[in-house]
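Asks: Single-letter residue listing:
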Amino acid sequence: MLDALLSLVSSSRGTTYIEARYHLRAVSEINFVNGRLERVRMVENAGCGIRVLVDGCWGFSSTNNAAGLKDSLASAVSMARVLAGSKKHRVAGLAESKMVKGRFEAPVRGKLADVDIEEKVKVTKEAEAAARKNKVVKSASAIYRDMVDYKAIVNSDGAQVEIFDSKPEFNVTAIAKAGSQSATAHEGVGITGGWDDLFKKSHLDYAQAAADKAAKLLNAKYATGEKTTIILDPGMVGLLCHEAIGHTVEADFVLSGSVVKDKVGQKVASELVTLVDSGLSDISRNAAGTIGIDDEGVEAGRTPVIENGILKSFLHNRESAFAFDTPSTGNARAFTYSDEPLIRMRNTYIEPRSDRLDDIVKETKHGYLVKGARNGQADANGEFMFGAQEAYLIENGEMRELVRGASISGNAFDVLKSIDMVGNKFEYDIGTGYCGKYQPAKVDGGGPHIRCTAIIGGVQ
Amino acid sequence: MQDVIRLAIKEAEALGAGDCEAYVATASESEVFIENNDLKQAKSQDSVALGVRVLANGSLGFYAVNSVSPDKVKQAATMAVKMARVSPRDKFNSLPSGRSKVAPLRGIYDKKAEAFEAGDAARLAAEMLQAAKSDSRVSVDSGNFTAALVRHWLGNSNGTLLSERLSAFSWSVMGMAIDGSDVSSFDVQSGSSHSVKGINVLSAADEFVHTVVNSLGARKIDSFNGEMLLTPAAAIELVEEAVEHSINSDSVQKKSSHFAGKLGRSIASPLLTIEDDATNPQGLAAASFDREGVAHRRNVVVEKGVLKKFLYNTYTARKDGVRSTGNASGSTTSPPSVAATNFIVAPGRQSLDSLVSEMKQGMMISRFSGNVNPVNGDFSGVVKGGRIIKNGELGHAVKEVMVAGNVFKCIKNLTGLSKERKVIHSSILPYMRFGGVSFTGG
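If you're matching them up, the sequences are chains A and B in order.
Per my numbering, the first sequence runs over residues 1 to 460.
Per my numbering, the second sequence runs over residues 461 to 902.
Incorrect hints may appear among the rest.
What the hints assert, rightly or not - For the chain A half of the interface with chain B, some residues (derived, Cβ under 8 Å), not all of them: (1) ARG39; (2) LYS88; (3) GLY110; (4) LEU112; (5) VAL115; (6) THR184; (7) GLN266; (8) ASN411.
Treat the hints as calculated values from the structure; they're not laboratory data.
Heads up, the beta-carbon is just placed ideally off N, CA and C, and yes, glycines get one too.
Just chain B, with the same shape it has in the complex (with noise of 0.2 Å):
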């Protein structure tokens, strides 16, 4: 693979390109998918791809193609000149100096895993759907067991030439309880992990079970303003995308961040502190180097309530005069954007239960389906395996609910996090509570 790198980069530069980078993915996946109860099929799957992004005269062209014949790699170095002659000119463009050192990170690749079979998947797949159909009235609408063994090379005109190995498992499992003529919310359980010894199907199925069933039973409720209890997977839809959007470097330049001009300034409650960290191997974004080959670092974004910096690329820290955080982003397919890798909120102190006990009235909500304005903050959308809480204890399930409010308000009104955490692929969340949110409902 690193004779297609030269070649594709040799060629750029015959063709007048200034600077030419090469990135080139395989990927050798099984996956057994389950469907309506049942394991409904088994895939396999060989993929490489390869990714030319060129600048000439400060000008960027990008040809992606899943072929690595000279032909091919000829062909998406030629295409890729021949966009940048017709893109407009941009003096930030430009490619990291290749003196960036990538010290190899432990922890991503399993031996263990070349020996795993689909067999073995589906083994697993099986495994989760028994666990999950333990309580007769759950049914599994569809679920997956997923093993992938990647490596990636990453070369560039300035000297870069970068390859690892990955391994990662994942699976999730979604469905309902039907209980007669009373349906639950829908819910998904999902886990990952790099290692073979990390798989633990079980947990994701016990806790898909403990949601759904709980969710029977649901009745309507009147309208009222308290506090809300988000689970780690509610709060990846709920708090986390709209941060990751305003902690994002691009956003701040291009005036779409709430969170631009606030460095050294509050931005939460004091309980908050955030970080981005491709270097922690629990987290499914774990590698050592980012889209453009600079190295991952660990880095805190927000530290007990005070915002202390921006994710950049090497785009967009040329822009401010700053350096790359490593957050360069995107597969073959697409020239390197920015992004958060592993999104880490800090444990709390208390537990769970405590959480709850200090409740006067308010809602838990396993899921939220809605609309977060990633821009202002406000949200608004339906409360999911939602339970009523009223002095310190959880009671029944509810629906037709809505939730209203602001993601930037609610991080200013955070009340409590939960000692337990939970790793969902690529976020490492705990529980968290936030007061005065508005519940509207049917």
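Next up, chain A with everything else stripped away, as it sits in the complex (with noise of 0.2 Å):
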């Protein structure tokens, strides 16, 4: 394919820059709920997505058809030229940067090719019935879902790479129910690797963490809403990452007029901080939004954000690092073959220190540690929201009662700063979720124990 490629970007004429992207995907998902085999599909998607650039426009082809390369190259030229009678702003340029020869191939350890459907089928089904040994777990669902990925990328201005990925997610929810309480938990896992490598841990071990955690929050009381101390598990700082930060130093963003826009070199954050975005998995292995490089040929490494409490780098494509004047930051991802590539997220996390999760708690006079990473979402003023789905409640030093899990919020920097604790074990823990930007994108995130100060959402 990389050949087809290569001749395909030499034939071009008439643009500055082209970039041709062979991708092959195959997802195979199997769902129980209940007993009952809810879904199971494989699917093939192969195509090219061919992105050129004609005096300033950015044109976007794609095909599944192999043989009508050409078509959909002349077709990617027509539609820059679309946009030349009322783009107001023509693209300067790409910044300069060390375009990859060469390849990445995910580390893995059981092939998921390997593993037959029969196999993923048994364990998905093991793990749903597992958990709804529980007596008060009414519902259980358990899914799998893996990406198998080869991928070529030639570009004009010389990256030849080849892609192998493998990106398998596995997650088991239980609904414990009693008269008209209900409580909802999940357990799950999201790696870039292999079978073995996703299932270190036993699957029946998700299933049974996720029903003992519907159980005991079945009977929790809520949260009282409030702005106090809140203790953040590594999933939630992974979310605190990603949502409350990493969405305000994506470039294109800053140029819109993020909140960040001027503050490179300022202090946005508790010395405490180092957040570090990277294609990829620092500290611990297997983050599931590891790359290695980005679909624009850039080696994807790692991204100092924020090093102890100063804002460094925003996060960049070529286009935005043109822009800027600095490098690309391999930060150019693409989903599928007829998605061009945007500037998106990989691993974000905070590095850990010195501080043990038991002194945090011992040194919290009042407020929460919350576990467990549900959604979240940022806002342009740096306003966040993320969702925990527990709340153990902190008085005077010792851990008391679970409250439901609640919404997390507060103004990004000013949590950052507030930031005066920060803990020594290190874990990804957002691999199982997806990012949405116009394309979904496989993120992770992580950290240790933090401890800052947030809005708890709740009843008054």
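Both chains are sitting in their own frames, so use the hints and assemble them into the complex.
Replies: Written as structure tokens, this is what we have:
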């Protein structure tokens, strides 16, 4: 495939830049609900996306037909010309970047293609049944999904890349019920890696953890809404990094007027905070957002966004990097062949420090320890919200009762400045999630436990 | 494409599948993106996709591929049968009988859409952008205009063979207002139409400008308990998702619906009437048949607060011994699930202005950013584009306000609906007002 793309790219006339990306994705998915096979499917999706820059305008075209690449290129060029009349500011250039000539292979223990669909069905079925062994769990589901990707990327600036990626995920949901009360809990894992990497912990352990959590939450009261001390678990720290900070430092968003626009070099967080977005799986293995090389053929390494509280860098593709006169950080990602690369996060985390979790709790007079990341969103003004499955009340340095999950909110940079304790044990824990920005992206995030001040939503 | 469907069915039957269904969709799309207050990129895409579902002795297999070459069609059928062999048996798995009569639906295909070009999409995106920039404080982060011509075919081994064409236009604009160091909440406005005539990018742009500019100067407030007035967009996020989950027969059968066992009973204020109606061409989900080839129909789900019916596909209907309501859902890449089509809330008699004028203390919410638990209805999140209402007057914008409550209690405490409604893709909703909601200030 690489050869076909090379010949296509070299044949192009009248374009400032051309990029051709072939992408074959095989998806397997199995979902059991209450003892029934809800869904089983395999999907094969293959094609080529071609992006061109003509007179400072972007055109993109995609086709599933490998024999029609020339027509598709012509279509991409005519798309770019469509904008010539009404685009105000032409793309001035793309940042000089070292174009990768080589390959990225996800480190895999237990190739997913070698695991028979029968085994995947069996594991999912067993986990779902195990979650319902708990008497108060009235409904359960287990879902297994994997994406196995082959990509070939060639561009007119010299990139020649092959990518072999493997991203499986597994999640168990348990719903406990008694009378009119109900509580939902999730336990899961999503990684870059193979079958044996995914199930380092048994599938039945995830089931039992989800069931136990739902049962505990069933009798829990609601939190009282207040602004207070909050201890975030690694998954919640991952969400904080992703939602509250990560989106505001995406350079396309910075250009439209994000709150951090003029803040590079300034103190935006407590000096305890070093926040990184990385295309590699730093500190701990198998992070789900690992890519190695981005979809513009740029190496996707470690990008420190905040170092000891000082804002250091935004997240760039080559176009935004040119505008900021800086190298691309390798954040250009496309979900399928028919999507164009956009600035997206990869693995976003806060680096660990020295505090033990026990000590963080002991030194908290009143507050909550929140666990179990759900979803989250961020806003233009730095305001964010994200959901937690569980929250434990802390009074005078002791963990008290469990209260029901709630949303946590605040202004991202106020919350970052309020961080006064950072734990010593690191974990990635949002790998089952996808980030949405016109197209999905597999991302991950994490950190140690941290202590901050934020609003916990609840009843008045 | 009919040959593709026949080939898939023939191949699956030869391999021992008792039942087979093949679903093919082709799409030709052009899309223009807006980013950072300018047009960003134009894109064209031609796609074809096939999904093959087989049932062998009651066991399900499904394989999808984005090609209709004979070898890929055969591969899809072979793999689907292979998967069915390792899947557990489920006696309720079946295909529709093939006797359902499907009448063509008018208003979902506009012949003029065939002459619509990428250049037209660029012109309309530019017009929307220009209207959004009519106020110099507005910054458009992103947006798009998309035009699509779609054709889909569905056939099965019970003799069903259907096809229809659809045209769809959709657009959106997202961003904020910036006044010095004051940055507003995000807002996003969108619109859609099946016809060229129905395209109206200016109304989305005007509403967007109005919302973000009025979100400037946001202040923190003290916590209180009062009334909540939701825009149609906020009602989708806060109310529609949980209600859709609960009227879905699949949720009922999985014991995760709050409405289970409540047919014929009052579950909401008498002000509330909800329809699921894929035959209404105003909604983007309009089509003449569902993902299994069953004819779409108008389903009155909630009438004056009373729960009237659940939504079914063939599988869930068979389990409950009833008929499918035409709610098999999904694309070519998945076996059919159950879902609402166009979700329509009947309008009220009052104007939006009169709903506001009646409120003593409350909040108008443009967007909700948070979590709704569709099983028990609990919600908790942040108010976006929120404005305080006191003594019937719409006041200043608010920031860092969280709202929490329960959707199912809210719909019982529904105190008003506007006569004005908005079409947002497949939702047609009025402004909705609820009593007794908790707001927590930061």
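Asks: It remains to establish, for every hint, whether it holds in the given structure.
Replies: Hints versus structure:
The beta carbon of A/ARG39 comes within 6 Å of a beta carbon in chain B, closer than 8 Å, and the hint placing it at the interface holds. Taking 8 Å as the C-beta cut-off, the interface hint given for A/LYS88 holds, the closest approach to chain B being about 5 Å. Nearest Cβ of chain B to the Cβ of A/GLY110: about 19 Å, over the 8 Å cut. The hint is violated. Interface restraint check for A/LEU112: the shortest CB-CB distance to chain B comes to about 16 Å, outside 8 Å, so the restraint is violated.
Below 8 Å, beta-carbon pairs count as interface contacts, and A/VAL115 has none with chain B, the closest being about 12 Å; its hint is therefore violated. For the restraint placing A/THR184 at the interface with chain B, the shortest Cβ-Cβ distance is roughly 6 Å, inside the 8 Å limit, so the hint holds. With its C-beta approaching chain B no nearer than about 14 Å, A/GLN266 sits outside the 8 Å limit, and its interface hint is violated. Below 8 Å, beta-carbon pairs count as interface contacts, and A/ASN411 has one with chain B at about 7 Å; its hint therefore holds.
Violated hints, listed in ascending order, are 3, 4, 5 and 7; each of the other numbered hints is respected by the structure.
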